[in-house]
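Trainee: Now for the letters of each chain:
4 protein chains.
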Amino acid sequence: MPARSSQPDTPELGIGMVGYAFMGAAHSRAWATVAQVFDVPLRPRMAALAGRDGAAARAAAHRFGWRHAETDWRALINRDDVQLVDICTPGDTHAEIAIAALDAGKHVLCEKPLANTLAEAEAMAGAAARAARNGVRAMVGFNYRRVPAVALARRLIAEGRIGTLRHVRASYLQDWLADAAVPLTWRLQRERAGSGALGDIGAHAIDLAQYLSGEPLTGVSGLMTTFVTERSPAGASGGAEKAPVTVDDAALFTGRLPSGAVALFEATRFATGRKNALTIELNGELGSLAFDLERLNELSFYDRTESGTTAGFRRILVTEPDHPYLEAWWPPGHVLGWEHTFVNQARDLLTDIAAGSDPEPSFADGLQVQRVLAAVEHSAAHGSAWTKI
Amino acid sequence: MPARSSQPDTPELGIGMVGYAFMGAAHSRAWATVAQVFDVPLRPRMAALAGRDGAAARAAAHRFGWRHAETDWRALINRDDVQLVDICTPGDTHAEIAIAALDAGKHVLCEKPLANTLAEAEAMAGAAARAARNGVRAMVGFNYRRVPAVALARRLIAEGRIGTLRHVRASYLQDWLADAAVPLTWRLQRERAGSGALGDIGAHAIDLAQYLSGEPLTGVSGLMTTFVTERSPAGASGGAEKAPVTVDDAALFTGRLPSGAVALFEATRFATGRKNALTIELNGELGSLAFDLERLNELSFYDRTESGTTAGFRRILVTEPDHPYLEAWWPPGHVLGWEHTFVNQARDLLTDIAAGSDPEPSFADGLQVQRVLAAVEHSAAHGSAWTKI
Amino acid sequence: MPARSSQPDTPELGIGMVGYAFMGAAHSRAWATVAQVFDVPLRPRMAALAGRDGAAARAAAHRFGWRHAETDWRALINRDDVQLVDICTPGDTHAEIAIAALDAGKHVLCEKPLANTLAEAEAMAGAAARAARNGVRAMVGFNYRRVPAVALARRLIAEGRIGTLRHVRASYLQDWLADAAVPLTWRLQRERAGSGALGDIGAHAIDLAQYLSGEPLTGVSGLMTTFVTERSPAGASGGAEKAPVTVDDAALFTGRLPSGAVALFEATRFATGRKNALTIELNGELGSLAFDLERLNELSFYDRTESGTTAGFRRILVTEPDHPYLEAWWPPGHVLGWEHTFVNQARDLLTDIAAGSDPEPSFADGLQVQRVLAAVEHSAAHGSAWTKI
Amino acid sequence: MPARSSQPDTPELGIGMVGYAFMGAAHSRAWATVAQVFDVPLRPRMAALAGRDGAAARAAAHRFGWRHAETDWRALINRDDVQLVDICTPGDTHAEIAIAALDAGKHVLCEKPLANTLAEAEAMAGAAARAARNGVRAMVGFNYRRVPAVALARRLIAEGRIGTLRHVRASYLQDWLADAAVPLTWRLQRERAGSGALGDIGAHAIDLAQYLSGEPLTGVSGLMTTFVTERSPAGASGGAEKAPVTVDDAALFTGRLPSGAVALFEATRFATGRKNALTIELNGELGSLAFDLERLNELSFYDRTESGTTAGFRRILVTEPDHPYLEAWWPPGHVLGWEHTFVNQARDLLTDIAAGSDPEPSFADGLQVQRVLAAVEHSAAHGSAWTKI
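These protein sequence lines are chains A, B, C and D, in that order.
Each residue of the first sequence is one higher than the one before, counting from 1 in our numbering.
Each residue of the second sequence is one higher than the one before, counting from 1 in our numbering.
Each residue of the third sequence is one higher than the one before, counting from 1 in our numbering.
Each residue of the fourth sequence is one higher than the one before, counting from 1 in our numbering.
Don't read these hints as lab results, they were simulated from the structure.
Worth double-checking, as some hints may not be accurate.
[Unchecked claim] Below, in silico cross-link-like pairs of lysine to any residue (SDA-like), each with a Cα-Cα straight-line distance of 25 Å or less:
id, chain 1, residue 1, chain 2, residue 2
1, D, LYS388, C, ASP179
2, C, LYS242, D, GLY163
3, A, LYS242, B, GLY260
4, D, LYS388, C, GLY163
5, B, LYS242, A, GLY163
6, B, LYS242, A, THR164
7, A, LYS242, A, GLY260
8, B, LYS242, B, GLU230
9, D, LYS388, C, ARG256
10, C, LYS388, D, LYS388
11, D, LYS242, C, GLY163
12, A, LYS388, A, GLU230
13, B, LYS242, A, GLU285
14, B, LYS242, A, GLY260
15, C, LYS242, D, THR226
16, B, LYS388, A, HIS382
17, A, LYS388, B, VAL228
18, D, LYS388, C, GLU285
19, A, LYS388, B, ALA381
20, B, LYS388, A, ALA385
21, D, LYS242, C, GLU285
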């Protein structure tokens, strides 16, 4: 087992988290675990959690190991023992919290998508740029960049192993809305969620495509649809009137990259049987790479430079010591889980803060994803017309 | 083993084949084999083969078991011992041969795509409709409908096993052009091939999508690209000047079906490592089906009506006696090969001719595919604008 | 497409086949097809088929394309137009027919297993050795050596690509007896079938293990069992008395090879859900190979000499022109089926006969498999005691 | 997200851990995490860790979150704040520590295999039986029972979903010794490790086979081998003399279960390319189940009671809320990692202690595994002779 010590005198970094639902649980576990796994230069101190419902916030703090609970995120930002604000709330609150925290000189980790609107995202990117001049760091939580298989894919691409890129195809397929009886929640309401499948999960596919290719999308043509246009509100009795679904159930789009490569995207929560299938494949002149989040410890790699006699897609089990992040985890073949992407993310963020360098993905990266989302919506609303980004 | 007899007094049907390259070889094997495998009502008699080069045509006839060779397809059509004309030539000759044969009262099997232009395809469909009134049959060779796994998928969909359709995603990925040093051939010249990846392999994906869903595409938005814009002519020495590639290397498009389902397509010959990956997945409210031609004996099926505890994509090995076509082949687990799709196709065509019924896919089906191809090209030439079909 | 011509003046070789059931059908198709696919030096002429039931034999001959039918295999052997006798009958008749044919100067292709008893197999190997001195050839039909993926595995092993062999694990799993209601047939009766799963399918696993490793098993320890000890006779009404099953339903055994490698085997017809799963994996110091007959166009290869960062089991789609046998079939990605193994086998046999060389697997190879079968039975009958071969 | 609260007044249970290497790291993480994930009735308090090297023990305690460090395991046992002793040391120390702890009235969790010898295991089982009368609990750490897919398999088998069992085949394949240059460590020395692949990893395969089938093995026939008989000591310079490897590199064995089912086992650290492939398949009259630890979130299930038309092995993604343990983890499709098996194990142990019930696997279960290990070694030393258990 590789050494994974942290020295007793490792400095601490106080963390304050806003929100404590699904993402809050995942982030909490990451903050509690990162210094056990990695020899990080800063030891996170889980200072306080903020939530509007005091009792619930206190219970969550107890459960997840936070020292204090606040009911006002502004109070959290102002705490002296908080140096980093971790934003795990729905998208409509991101901008306000993040800008306030950055302006107060606190580092920020903000869940994706960066915001619900392009204007908000632009304001946030501006705040992050200002803060950076003062050594304050901002990162957007596209955690799938921290899947070791994805990071390995990026490394191989950067090394030229697949050559000139031709094709990207990325999709994020889930099925939890396939049943028309599933009730209406905030995720299906435009004013809270911003968009549906496109922003919720399509954003991940876009970020991975741009991260892995190393190129921004320059234009898109999109098609969006809502299969089930109204649903019963959550908790409503049988006779309750249905309310409209105001977001997309599925988004399909094509795109172009500066190198001449073309890209194909799909995001849906109606792909029956696909539970969490974020898949991406990249074909280059010299090779190809393919990944599926449902098998997150594996990367497929085809190397056209080897003899055609023995060429074939290899299933790389990404658990070797020299694979990204793996030097600190378990021996070969002992696989990681979904939540460990957040531990890896925390490692990178702490490392950057200690080193005084800007973490990735930056708010500018998040803004670029937001521009793609906006362009897809614009195109879909205009007969799939080609829309520049 | 099931009985597979053909009675001694089974009537014969004289076959005349035009072309003897890749498709000609596959069709020859099918005609030679079909009556051994299936108890067909008509026994095909391999009467004559036509090709412009007399010596080569005679050699091919000898090799593949044809009784005679002709150098003029018109002579072939006029032979008394030919009742069915099998067209295996490049697309630019399909219309002339097929219309002449139908007008001469000969049944026609025509390789896909039906034609190189919409006008030709319309003329052919018209000729087929006229001929049908006289009991003359026409079929277009979308052989992948005859993969047992595909036919099983169609049966399950027709039975309602996946419910209301939401998504179709179909792609045909090959990689034989990924290397920029591959020379220029007729398949890369618009005047001979009509189009590139779109018509050559994308046509199969379109036909499968429409066949399996049972719905025609009503509109598309397309994007096409040519990655390698010029190549050295085949057989040229190193210093030869390159000539332009005038077809698409890849085509990506979205589409809609009348039921409200959305569809996503991709055809390319630049997907490094993908050799013959015609894949299609359909997601419905009650279930999903997925197929990959590289594993042509398998069908994946997810049934949402069963308990969530044990639900999962099943790998059905489509080799059971009650699977389509399998009653006549081998015991369970003894897999079929690519060429056997042509044997199954020949069985269905002979059965329809004997029964006096119109075979599928008809020339009208071929024309519908052609309309989709034309719409994709139109959209791609107009900024991906939505194009009705 | 590669050239696949046979010259008009290619000499012919007259074939006579005994038996026309499952194996007879497969062999007939191979003799009819081989000269269309390969440019073979001898063109097989399907002279006559022999079967005890005259009407059935004539029908089979008509169906499969044999010129004549005989009711006595001795008459078949004596025909002037028969130079090769192809034995497709149950195992209890192999010895008598094969020895008579060889003694009559006819080449022999004999289905596996070579015989039902070790004594018979020894007599057959003796006859083959005598005949070889007169240029008469004998081959045993372990057709799975002719799966291109298996032949490629052999080539890679012979080239040293997996280094010193450590492990072989081979199994042949089917499930057609899992249901206790399946009736009793000759395959479950020792006097006809010789043994059960062991000889019927285990023989294939043994032959592949020895062929791929290039080493004979030197000893084994076996365990055999019969799960369903009596069954109703085929065609019997519900009240019919059951009769005993006198063969093994499953056989498991370990073994050693001269190099120090160890081997593990399993053969069963009770592996519910496994239809035709002949699987074999070989682990060497430098690499590993794995194969599954249910995916017969694929070979898995792990190469430990490449960087650990990108090492992984590759799925080689064995359809490239430089893969064994593939130069004569279809373009990459166009897969072969089970029956094509017999076409490849016929190619090799015809080539050897024309070249005057002894084909493989020889009757001596078949005898070696028989010795292993006998040793497994002996060990299983003596408390799994180690039994030398 | 399901509720995962622990009330503020949840009673605590003091944990003392002996050993802090590979297993110690995994157990530490489990104790730190279990109350965040599950609503457990006892909240573990990480009281103290023991290790002979004081500085290293203190560093590990700091890193992993233990309050105190001890250099003597006897002192750890005697601490008032320790109610449960968690033994993560090599096998040669298990018996002494476990018996002392149990006799001192402390609950014990002991890593597998239970001991290095049968005599030790018997003494431990005796101590556990005595302690149980006083409400003191003992559990052996066969953590793979806590893989959700494995627990689901057990549930399906217990419900009769695969019917009468016919076959078990289990193997544990790794490859970290395939390279003869890997140095000698304590794991390759009989006096420390007890045995090689057999006890280290084969023990897991045996436990799973017995757990899933619900039956103890009644006899075995074994074969063991050591491929590389001497290696250079760890840390030795190039010229150092090699020392003998005194354990098995691979063990293969067959076995029988009381129901009449037969079993096949293999354990090796020489299966090049297999990193952590603990695989098990069970075939019953009505269905089959298959599992592979390298894809630990998946279970394959074949149900013969459904129509043969749509039957096939299903890939169940074991991440649904009603799958074992999953009610407390993440939404469907968000996969777990290897280390989470220890969290699940801790949940079950805490629940049993609070409920006053005996946890499984018990020391008696560990002893039964030990008896199988001893029988395999005996058989291998006696010509694979059948050895009763």
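Trainee: For each hint, tell me whether it holds in the structure or not.
Mentor: We went through each hint and held it up to the structure:
no.	hint	in the structure
1	D:LYS388 <-> C:ASP179	30 Å, violated
2	C:LYS242 <-> D:GLY163	22 Å, holds
3	A:LYS242 <-> B:GLY260	21 Å, holds
4	D:LYS388 <-> C:GLY163	38 Å, violated
5	B:LYS242 <-> A:GLY163	22 Å, holds
6	B:LYS242 <-> A:THR164	21 Å, holds
7	A:LYS242 <-> A:GLY260	46 Å, violated
8	B:LYS242 <-> B:GLU230	6 Å, holds
9	D:LYS388 <-> C:ARG256	23 Å, holds
10	C:LYS388 <-> D:LYS388	23 Å, holds
11	D:LYS242 <-> C:GLY163	22 Å, holds
12	A:LYS388 <-> A:GLU230	32 Å, violated
13	B:LYS242 <-> A:GLU285	19 Å, holds
14	B:LYS242 <-> A:GLY260	21 Å, holds
15	C:LYS242 <-> D:THR226	49 Å, violated
16	B:LYS388 <-> A:HIS382	14 Å, holds
17	A:LYS388 <-> B:VAL228	24 Å, holds
18	D:LYS388 <-> C:GLU285	35 Å, violated
19	A:LYS388 <-> B:ALA381	16 Å, holds
20	B:LYS388 <-> A:ALA385	14 Å, holds
21	D:LYS242 <-> C:GLU285	19 Å, holds
In the structure shown, a violation is registered for the earlier hints numbered 1, 4, 7, 12, 15, 18, in ascending order.
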